[in-house]
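There are 2 protein chains.
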Amino acid sequence: MSCVLCESDGGLVVARTPQFRVVRVTDGDEARRFPAFYRLIWATHAAEFSDLSDTDRHACMDAVTEIERVLRSLLAPTKVNIASLGNVVPHLHWHVIARFDWDSHFPAPVWAGAQRDEVAGGAAARLALPLEAADAAVAQALTC
Amino acid sequence: MSCVLCESDGGLVVARTPQFRVVRVTDGDEARRFPAFYRLIWATHAAEFSDLSDTDRHACMDAVTEIERVLRSLLAPTKVNIASLGNVVPHLHWHVIARFDWDSHFPAPVWAGAQRDEVAGGAAARLALPLEAADAAVAQALTC
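These protein sequence lines are chains A and B, in that order. Per the working numbering, the first sequence starts with residue 1, numbered consecutively. Per the working numbering, the second sequence starts with residue 1, numbered consecutively.
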């Protein structure tokens, strides 16, 4: 069966290890509304988190935690949201999203309805530093 | 600061350990639409997953994984959804939700809009076994 995350990167790759890659979402409404939106995508095809071995699960969540720590440290979000859904693409991936009390949907989940107008010109401009700096810090945290 | 998950159970408690409790969501639209909807709620107040020690993080996700395994084994869901959001209640809790291709929102997240009518009489009746049996299996997996 064809799987889009087996066949393509699924975003801007900011880090890659033998076990997983981390991408930043760079297109569509999500990227404009929630610019610090990263996904950890498991390298091999697995549908559910519990399909991984214990060792792999721990490594996976250690990496998710590192991404969260970088986002907290650099961007001081109001909250970090972490989720593994995969209803549309059942290839294990974790969303790690920096949320801000000024973003278009806060405090609703990013998948719910908007609570207010989007930031004019894109939310990225309101972040404490350019996304490329966050990308670099995520890459350094996961591959050094 | 007052915290609803410090002050109340937040659902029907099915398991409790010194580190966390697991509740099943039993009221509101969520329970009617997504009956096998569990939450692991960390016992002590922590806002973000990365606030936990490494040992606690691993124990937390080991337990989340056990819940997922029970749901897969007993209910054969189309997909399991796992998420830690906490924008409204920033006290660490993990949603673990059995999703079915016939549920009102699938494949959309439970927080998005409905895709079809709800199951008449409540979705619980379509599950392979009563929720009390799933509760008991979750409790056994986490406390035995």
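A couple of the hints might just be wrong.
If you anchor each label on the Cβ, the simulated ranges turn out as follows [what the hints assert, rightly or not]: (1) Val88/A to Ala139/B: 27 to 37 Å; (2) Asp101/A to Ala46/B: 35 to 45 Å; (3) Cys3/A to Gly113/B: 36 to 46 Å; (4) Glu118/B to Val88/A: 19 to 29 Å; (5) Thr44/A to Gln19/B: 38 to 48 Å.
In case anyone wonders, no lab produced these hints; they're calculated from the structure. Backbone N, C-alpha and C define an ideal beta-carbon position, used for all residues, glycine too.
Going down the list of hints, with the structure as the test:
no.: 1; hint: Val88/A to Ala139/B: 27 to 37 Å; verdict: holds (32 Å)
no.: 2; hint: Asp101/A to Ala46/B: 35 to 45 Å; verdict: violated (19 Å)
no.: 3; hint: Cys3/A to Gly113/B: 36 to 46 Å; verdict: violated (26 Å)
no.: 4; hint: Glu118/B to Val88/A: 19 to 29 Å; verdict: holds (21 Å)
no.: 5; hint: Thr44/A to Gln19/B: 38 to 48 Å; verdict: violated (31 Å)
Hint violations for this structure: numbers 2, 3, 5, all remaining hints satisfied.
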